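Undergrad: Next come the chains, spelled out residue by residue.
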Amino acid sequence: MKKHKRSSRVLLVAGLCLLVLTPVIGWSQHGQHGSQSSAPGVGAPAIAFDLKSIDGKSVGLATFRGRPLMINFFASWCDPCREEMPLINELAAKSGKDGYGVLGIAVEDTRAAIMQYAQEAKLVFPIALDLNSTVKRAYRIFGPPATFFIDGQGTIRDVVIGPITPERAREGLKKAGVSL
Amino acid sequence: MRNALLAWSADGGKTWSSPGRVNSAVEAVQGEENGPKVALVDKRAYVVWSIPGAKGDKTRANIRFAMDDEKGGFTAARTLNEVKDAARFPIIETPPDGNLLVAWIDRRIDNPKPRQLYLMRLSPDGKSLTKNYQVGEGLCECCKLGIAFADGGKTVYMVDREVDGNKIRNHVLRKSTDGAASFGAPVEISNDGWQVPSCPHSGPSIGRDRRGQLHVSWFTLGRSEQEAGIYYSVSKDDGKSFAPRQLVQANTAPETLYATLAVGDDDRVYLAWSNLDGDSKAQIFVRTLAPDGRTWSPIQQISRAKGNAGRPVLALMKNQLQIAWTETDGEDSRVVLRSATVGE
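Line by line, the protein sequences are chains A and B. For the first sequence, numbering that gives the first Met the number 0 assigns the number 0 to the initial residue and increments by one for each residue that follows. For the second sequence, numbering that gives the first Met the number 0 assigns the number 0 to the initial residue and increments by one for each residue that follows.
Chain A extracted, bound-state conformation (with noise of 0.2 Å):
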């Protein structure tokens, strides 16, 4: 709760670099809205995307055309992401001999904590920046971490929800058409 009757100030504290204040105003009325959109799951076409990646270089879904692909959506405060970061970053390592990609879109996060985080853990895949959520939206995704598995022509093959175990990430390769 929100309320402290010690003090007739009212304090604002944020992990911010920029503070705006707005005029008050009156509330205006709203109604309900909004709608709920149909979720890309298996057998369904993995929905096109361009990101900035953390280099600022663009960054899709049409990057990987042609080719098996692995989404991990991870955020660099998630417990789980990072417990599962070593298998992805060892599958992306291997990805290249293997014949498929990996992308991480970081989700609800700063590109500063990102670079941080991939610095520290030595991350080997390319990692696109999803600072409005626009693509975690269009995946339906409530939390990372979520993995999909894209096969060359661009059909998503599995989708792990949480953290993926070796076992997982080995079986959605193989369906998003990867020889193992």
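Keep in mind that the hints were calculated from the coordinates and are not lab data. Only a predicted model underlies this, so the values are computations on that prediction, with no experimental measurement involved. A few of these clues could be false.
Label pairs and their computed distance ranges (CB to CB) [stated by the list, open to error]:
hint: 1; chain 1: A; residue 1: 98; chain 2: B; residue 2: 330; range: 33 to 39 Å
hint: 2; chain 1: B; residue 1: 95; chain 2: A; residue 2: 54; range: 48 to 54 Å
hint: 3; chain 1: A; residue 1: 164; chain 2: B; residue 2: 318; range: 54 to 60 Å
Each residue gets a CB set at the ideal place from its N, CA and C atoms; glycine is no exception.
Using the hints provided, position chain B relative to the given structure of chain A.
TA: Chain B alone, transformed into the frame defined by chain A:
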């Protein structure tokens, strides 16, 4: 690096001081669900925040504390957790006895055990009145805590999201009748059955009204996406049991939402939360529940974020309600405040 900034208003939010930096040293202050928290004692501000552990690990972090030095700045920050690289998601609150109570989620006993609930007390001059002490376990690793007081601080209520062996994450209430020295067994607030192996990063909020009723709000996906939304429940027997949950607003799309509540002097409950608008942008919504416990106001959208708005906080003073939230758009972010007159 990110900073904890603090601005203050002495006129109900009409004008504000320039934001001042709380953290004296440059450090990676964490944000979002794990962001800085503030408490006040006699116009003096006390702030806690989390920074990553020695290896840069945000999940094995440390709790930092600083207070208004009464010279226009803040004291040098110090670390509160005695076992390093094991604590995060701190809150700081002011019990009616005038001291400070700090709580956080701890992992000094690490995986596969769920997290532990740790507390410590500080005096108004920032001195430690207790060592770190454990009052609970079984906590979800990444959801903020909620706290309320009664009986001059002798009774303390804490709410948190629990996680069981099957990764089901329901919320519980813990009650202390000895000023937070010890807590009774946790009482389940609602059996939502949300089984999720990953991080919800969305914790509960609690408030107590003058009649002694406890009001709680939270986000859950429940047992299917159709159940997902912001929920509310009330305890009318001082935390022994809770009424069946009521849906405040359903999710409009798959998205983890963030809810908070405050209780007015007239026993009206004010709720604020995030949800997606028709353009798939997260916005802030509010709703009130009348003291009769049945009459809900219409839902109002109060943000118009270009990107996304999230993690609202509420402050009630007399007949003024202040709501602040964070807006992000790409790599830009800002804190926005709106005020409303209430209770008339």
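Undergrad: Enumerate the violated hints, using their earlier numbering and listing them in ascending order.
TA: Of the numbered hints, all hold.
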